[in-house]
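**Student:** Based on the sequences and whatever the hints tell you, model everything.
2 protein chains.
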Amino acid sequence: MKIVVIGGVAAGASTAARARRLCEDAEIVVLEKDAFISFANCGLPYHIGGDIKDRNALLLQTPESLRATLNIDVRTGHEVIHINRELKQLTILDRNLDKNYVESYDKLVLSQGADALRPPIPGIDHQKIFVLRNIPDMDAIIQQIDEGARKAIVIGGGFIGIEVAEAFRQRDMEVELVELQNQLMPPLDCEMACDLRYHMESKGVQLHLGSAAKEFIDAVGKVNVVLDNSLTLVADFVVLAIGVRPASKLAIDAELKMGGRGGIKVDSHLQTSDPDIYAAGDMVEVTDTVTGEPTQLPLAGPANRQGRIVADNLFGRASQYRSTQGTAVVKIFDMTAGSTGASEKTLRRVNRAYHKVYLHPSGHAGYYPGTAPMHIKLLFEPEVGTVLGVQIVGYDGVDKRIDVFATAIRAGMTVFDLEHLELAYAPPYGSAKDPVNMAGFISSNFLRGDLDFWYAEDFPDKVSNGMLLDVRGVKEFEKWNIPGSVNIPLRELRSRLHEVQKDQPIYLYCRVGFRSYLAYRILKQKGFEQVSILAGGSKTFNCFCRTALATGKPGVPFVSHAEEKLAETPDALKNA
Amino acid sequence: MKIVVIGGVAAGASTAARARRLCEDAEIVVLEKDAFISFANCGLPYHIGGDIKDRNALLLQTPESLRATLNIDVRTGHEVIHINRELKQLTILDRNLDKNYVESYDKLVLSQGADALRPPIPGIDHQKIFVLRNIPDMDAIIQQIDEGARKAIVIGGGFIGIEVAEAFRQRDMEVELVELQNQLMPPLDCEMACDLRYHMESKGVQLHLGSAAKEFIDAVGKVNVVLDNSLTLVADFVVLAIGVRPASKLAIDAELKMGGRGGIKVDSHLQTSDPDIYAAGDMVEVTDTVTGEPTQLPLAGPANRQGRIVADNLFGRASQYRSTQGTAVVKIFDMTAGSTGASEKTLRRVNRAYHKVYLHPSGHAGYYPGTAPMHIKLLFEPEVGTVLGVQIVGYDGVDKRIDVFATAIRAGMTVFDLEHLELAYAPPYGSAKDPVNMAGFISSNFLRGDLDFWYAEDFPDKVSNGMLLDVRGVKEFEKWNIPGSVNIPLRELRSRLHEVQKDQPIYLYCRVGFRSYLAYRILKQKGFEQVSILAGGSKTFNCFCRTALATGKPGVPFVSHAEEKLAETPDALKNA
Numbered sequence: 228m229k230i231v232v233i234g235g236v237a238a239g240a241s242t243a244a245r246a247r248r249l250c251e252d253a254e255i256v257v258l259e260k261d262a263f264i265s266f267a268n269c270g271l272p273y274h275i276g277g278d279i280k281d282r283n284a285l286l287l288q289t290p291e292s293l294r295a296t297l298n299i300d301v302r303t304g305h306e307v308i309h310i311n312r313e314l315k316q317l318t319i320l321d322r323n324l325d326k327n328y329v330e331s332y333d334k335l336v337l338s339q340g341a342d343a344l345r346p347p348i349p350g351i352d353h354q355k356i357f358v359l360r361n362i363p364d365m366d367a368i369i370q371q372i373d374e375g376a377r378k379a380i381v382i383g384g385g386f387i388g389i390e391v392a393e394a395f396r397q398r399d400m401e402v403e404l405v406e407l408q409n410q411l412m413p414p415l416d417c418e419m420a421c422d423l424r425y426h427m428e429s430k431g432v433q434l435h436l437g438s439a440a441k442e443f444i445d446a447v448g449k450v451n452v453v454l455d456n457s458l459t460l461v462a463d464f465v466v467l468a469i470g471v472r473p474a475s476k477l478a479i480d481a482e483l484k485m486g487g488r489g490g491i492k493v494d495s496h497l498q499t500s501d502p503d504i505y506a507a508g509d510m511v512e513v514t515d516t517v518t519g520e521p522t523q524l525p526l527a528g529p530a531n532r533q534g535r536i537v538a539d540n541l542f543g544r545a546s547q548y549r550s551t552q553g554t555a556v557v558k559i560f561d562m563t564a565g566s567t568g569a570s571e572k573t574l575r576r577v578n579r580a581y582h583k584v585y586l587h588p589s590g591h592a593g594y595y596p597g598t599a600p601m602h603i604k605l606l607f608e609p610e611v612g613t614v615l616g617v618q619i620v621g622y623d624g625v626d627k628r629i630d631v632f633a634t635a636i637r638a639g640m641t642v643f644d645l646e647h648l649e650l651a652y653a654p655p656y657g658s659a660k661d662p663v664n665m666a667g668f669i670s671s672n673f674l675r676g677d678l679d680f681w682y683a684e685d686f687p688d689k690v691s692n693g694m695l696l697d698v699r700g701v702k703e704f705e706k707w708n709i710p711g712s713v714n715i716p717l718r719e720l721r722s723r724l725h726e727v728q729k730d731q732p733i734y735l736y737c738r739v740g741f742r743s744y745l746a747y748r749i750l751k752q753k754g755f756e757q758v759s760i761l762a763g764g765s766k767t768f769n770c771f772c773r774t775a776l777a778t779g780k781p782g783v784p785f786v787s788h789a790e791e792k793l794a795e796t797p798d799a800l801k802n803a
Numbered sequence: 228m229k230i231v232v233i234g235g236v237a238a239g240a241s242t243a244a245r246a247r248r249l250c251e252d253a254e255i256v257v258l259e260k261d262a263f264i265s266f267a268n269c270g271l272p273y274h275i276g277g278d279i280k281d282r283n284a285l286l287l288q289t290p291e292s293l294r295a296t297l298n299i300d301v302r303t304g305h306e307v308i309h310i311n312r313e314l315k316q317l318t319i320l321d322r323n324l325d326k327n328y329v330e331s332y333d334k335l336v337l338s339q340g341a342d343a344l345r346p347p348i349p350g351i352d353h354q355k356i357f358v359l360r361n362i363p364d365m366d367a368i369i370q371q372i373d374e375g376a377r378k379a380i381v382i383g384g385g386f387i388g389i390e391v392a393e394a395f396r397q398r399d400m401e402v403e404l405v406e407l408q409n410q411l412m413p414p415l416d417c418e419m420a421c422d423l424r425y426h427m428e429s430k431g432v433q434l435h436l437g438s439a440a441k442e443f444i445d446a447v448g449k450v451n452v453v454l455d456n457s458l459t460l461v462a463d464f465v466v467l468a469i470g471v472r473p474a475s476k477l478a479i480d481a482e483l484k485m486g487g488r489g490g491i492k493v494d495s496h497l498q499t500s501d502p503d504i505y506a507a508g509d510m511v512e513v514t515d516t517v518t519g520e521p522t523q524l525p526l527a528g529p530a531n532r533q534g535r536i537v538a539d540n541l542f543g544r545a546s547q548y549r550s551t552q553g554t555a556v557v558k559i560f561d562m563t564a565g566s567t568g569a570s571e572k573t574l575r576r577v578n579r580a581y582h583k584v585y586l587h588p589s590g591h592a593g594y595y596p597g598t599a600p601m602h603i604k605l606l607f608e609p610e611v612g613t614v615l616g617v618q619i620v621g622y623d624g625v626d627k628r629i630d631v632f633a634t635a636i637r638a639g640m641t642v643f644d645l646e647h648l649e650l651a652y653a654p655p656y657g658s659a660k661d662p663v664n665m666a667g668f669i670s671s672n673f674l675r676g677d678l679d680f681w682y683a684e685d686f687p688d689k690v691s692n693g694m695l696l697d698v699r700g701v702k703e704f705e706k707w708n709i710p711g712s713v714n715i716p717l718r719e720l721r722s723r724l725h726e727v728q729k730d731q732p733i734y735l736y737c738r739v740g741f742r743s744y745l746a747y748r749i750l751k752q753k754g755f756e757q758v759s760i761l762a763g764g765s766k767t768f769n770c771f772c773r774t775a776l777a778t779g780k781p782g783v784p785f786v787s788h789a790e791e792k793l794a795e796t797p798d799a800l801k802n803a
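Protein sequences appear in the order of chains A and B. Using our numbering, read the first sequence as starting at 228 and increasing by one per residue. Using our numbering, read the second sequence as starting at 228 and increasing by one per residue.
It cannot be assumed that every hint is accurate.
One copy or two, either will do: identical chains are not told apart, so a pair holds if it fits within one copy or between any two.
To be verified - Only pairs whose alpha carbons sit at most 30 Å apart, straight line, appear in this in silico BS3-like list of lysine-lysine:
| no. | residue 1 | residue 2 |
| --- | --- | --- |
| 1 | K729 | K229 |
| 2 | K229 | K583 |
| 3 | K572 | K441 |
| 4 | K430 | K229 |
| 5 | K729 | K280 |
| 6 | K689 | K751 |
| 7 | K229 | K751 |
| 8 | K702 | K280 |
| 9 | K260 | K583 |
| 10 | K229 | K753 |
| 11 | K378 | K706 |
| 12 | K706 | K280 |
| 13 | K706 | K315 |
| 14 | K315 | K729 |
| 15 | K702 | K753 |
| 16 | K476 | K751 |
| 17 | K315 | K280 |
It should be emphasised that the hints constitute simulated quantities derived from the structure, not laboratory data. Just so you know, these numbers come straight off a predicted model, no measurement behind them.
**Tutor:** Structure representation (structure tokens):
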């Protein structure tokens, strides 16, 4: 059996390595058009920024190491330019010799990944416009900095754009970031990205949200970026990080069946429409775990696991790839943002019913130093409560909770199951009632009818028919409140019930939702029929970017316990 | 309805708070014999050590705050001395007034927690022998230090003993720790506790493992601790941290049905044998999630969740407590150790069939700074592969993986499911193939017959019938090897197969198991029938405390990538 793998990075290298482990006698050829195989593409921004000092650390394998240990024939600089499916032959350009040759295969694996998008904007071919997909891209950017570049413009506010902007700030450069959408991290729902914006700005990145580059103009060694709001930015160089597109030209030319989003159509065995051709990684269309829809998600984890599954199937093992839920995480200076499963945007788009809760628990016990509240948004199925998606933005412990929720989604758990999760608790790591438990408690309370919500986006129109009741303390109310609201501190509510009219909806709010919950329980049991609490409290409210109301500051990390306590008292949920 | 809760810390405070939320009109009384309610008992060692500066941060609630916000009648210094179940009355000693009085109840909740064990060792009542269960205990210990104590002896090497020893080192004290078992952290299997020992010693804690205190003798203001190995230690004071016992005297006197391990017998609704009495927290016997056996596990998370469930049942909601899986984590200076589900000891004790794997993945991508290999032990069911238990010891990312495994155990996931988990990956947080995925890959490979293991404990007897084959590099072999082993580096194996005799078992090993796995695949496919690899490699081997072989050093954190790479090359599993 002769297996040819096109593309030698994540999915391709995994396929080839496992193929060898499964079959010592197969001939395994890996063709990589670029100079490097199996490099750490997720590490590229961190070498630019200096966190990863040693460039060699990014080169996980070399052709020599794969030959020596796995007996794999790795050919770098070999670009496949045509697939002849009938003859099962490839036409290959050996870039080193600049010569074409033909190679046969029994089974072919496509794993060329994705290419950075370069939209046809005037001036896009300017030599100071870079992308960051591979080692040469990285080297070119570092060369700019080493040669004295002091200012960069990053186009795109997703994972790579944010990581690159941070890297440039670590190199003491000026950075402006341009993002088409009115938020950073477009996979997140807008309100969840709010704190990231303030945090980036506090770290000296100048943001242009809701803006697009419409032209690049040369300016004597520099480059001018003309935005669609007619602002012109100038920098020593530009990094384009607006996304990637499956490198599917070969597959299209070979008339393999393609998916609607530009990826290759594969079955659960990762077999393409040609039974002798498999595909894995950023190139393939996958099924979304939550929506069941076909989707295209370039993620390293799925790519690596798909490589293993392809290898299994090459040798008659019927392993199946299940689905992709889009679990992702990004470091933004001191903050962390992550998500798994569907966002609210996605659920709306596919017209799927959902409920949502917001909460702001600490990464670990508030009385132990080094923690800060995180902002969690949990989306779940009405009635049965199946977890549909989670987004978290915060400082410590964000990635941990994303992984727990990701596991819960895979297991088909409901919010009722989250109540029962027994997670590791010691003060440096968590709370006796972990943020995941808390999310379960709040959601389950809602599904059981023990509380009802109103949402920040209901303000002002949908809440104008009732009483906006702030149950925080007087000092908190004086510092900031929602226009039109009345203040009765929770502690006084029982004795001041006569101030609340029964014949109108009561819209409660506090800082994070807990005091309103207590107030809700009192009011409902005292005969008030239409009561609801602001989901996520004023903290979530202020993430909806109403500039007149917002504090303009991100959730500050590492606040003193005393300060948190002042604002939060009482919180019987926080018992150790 | 009049609800009386005895004990106002974790379970009791949770019960009372949720009871009020569920019913505004109930009369709720909390009786606490000590001076403090709802304090952060897990935080006590960290205030001693100075990480938590503000003592008030440990006081989560006061009687006043619970009255003001939840209308709960909290009485501190009120000790219940008798329960009259027939009359549904309590006899209470008001310690403040030193007077008895009688209080009736409709429903009674027992949540007095557990008391520190004080075994009847001669001299145990010495005034310089302390325990650490509550605020006054903590205050007394801090007073010792403030008054000039420079040396402490800690008896007990479990959670509290370790945390207290660390706290004393942070206060620049000399510390000796005495533990009856021949390991720290008795809930862990012995080999998993090995690195903790070296780490504690490297931090200046002198350990006496496998030793018991047999007498305490006064020595002019100091205390002598006589060990059963006839060593006598001397210190300014002693902390006893050898475990706790349910505070069940009241329940026994009231002739409630008790469990075999000293806790109160409750049904899944946490109802005792008296339908008007519920119990929660450290006092109740629970069902072990994995073994299904009754057990006694004093943990803050379950206590808090049980409080909620009791409250539900008080008001006719049939919430059920599922089970306790013993998820726990502890900080040991720079290290973290955690476990969830059953240990190997437990599975042996209950005679449950299992398989085990060991692995040493990094907390996050090895090329990104600030990570170190962790040591994972995964126990799973034969054939179906259900996850039974996990133990992890390491530096970064330990608590996260414990929580993912804990969730997987709750969901009844198998090792095959772990292969498919889609966890959050970016270089600062994880790897494209997360440690949890890796544990799934290795275990699944084993169950599918793609590899076979031998274990450190098989050495030397069970491996004496074959060839011990070290497939690491020559330099690694020269530095350390298992006596009697032969070295053929993996890279040379294909060309030196003639040096391996077919008619004998081949016992492969390398540093962590990956190179042996590749060698296994080659040998099996080349006709060698009896091949197995050392589970966890030499790193796990050296944790079995064979002093002649062990390095005597813990897994060193934050090694340079280059060093790891030298030892580990090749590792195609590490593709980004």
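**Student:** Each of the hints needs a verdict: does it hold here or not?
**Tutor:** Verification of the hints:
In this homomeric assembly, K729 and K229 come within 30 Å of each other (Cα to Cα) only across copies, at 28 Å, whereas the closest approach inside a single copy is 78 Å. With identical chains, the CA atoms of K229 and K583 are never at most 30 Å apart, being 51 Å at best within one copy and 36 Å at best between copies. Proximity of K572 and K441 under a CA criterion of 30 Å is satisfied intra-copy only: 27 Å inside one chain copy versus 66 Å between copies. Taking the closest pair of Cα atoms, K430 and K229 never come within 30 Å of each other, the shortest separation being 53 Å inside a single copy and 56 Å across copies.
For the homomeric pair K729 and K280, neither the shortest alpha-carbon distance inside one copy (66 Å) nor that between copies (47 Å) is at most 30 Å. Proximity of K689 and K751 under a CA criterion of 30 Å is satisfied intra-copy only: 20 Å inside one chain copy versus 70 Å between copies. Taking CA atoms no more than 30 Å apart as the test, K229 paired with K751 passes between copies only; the shortest distance there is 21 Å, against 72 Å inside one copy. In the homo-oligomer, the alpha carbons of K702 and K280 lie at most 30 Å apart only across protomers (26 Å), although the nearest pairing inside one protomer, at 49 Å, exceeds that limit.
Within a single copy, K260 and K583 get their C-alpha atoms no closer than 46 Å, and across copies no closer than 42 Å, so neither meets the 30 Å cut-off. In the homo-oligomer, the alpha carbons of K229 and K753 lie at most 30 Å apart only across protomers (19 Å), although the nearest pairing inside one protomer, at 77 Å, exceeds that limit. Proximity of K378 and K706 under a CA criterion of 30 Å is satisfied in neither setting, with 39 Å inside one chain copy and 50 Å between copies. Taking the shortest Cα distances, K706 and K280 sit within 30 Å of each other only across copies (28 Å), while inside one copy they are farther apart (46 Å).
With identical chains, the CA atoms of K706 and K315 are never at most 30 Å apart, being 73 Å at best within one copy and 50 Å at best between copies. Taking the shortest alpha-carbon separations for K315 and K729, neither the intra-copy value of 78 Å nor the inter-copy value of 39 Å comes in at or below 30 Å. Within a single copy, K702 and K753 get their C-alpha atoms as close as 27 Å, which meets the 30 Å cut-off; across copies the closest is 78 Å, which misses it. For the identical chains of this complex, K476 and K751 are neighbours neither inside a copy (62 Å) nor across copies (40 Å), given an alpha-carbon limit of 30 Å.
In this assembly of identical chains, K315 and K280 lie within 30 Å of each other by CA distance neither inside one copy nor across copies; the values are 44 Å within and 71 Å between.
In summary, the structure is inconsistent with hints 2, 4, 5, 9, 11, 13, 14, 16 and 17 from the numbered list given earlier, while agreeing with the others.
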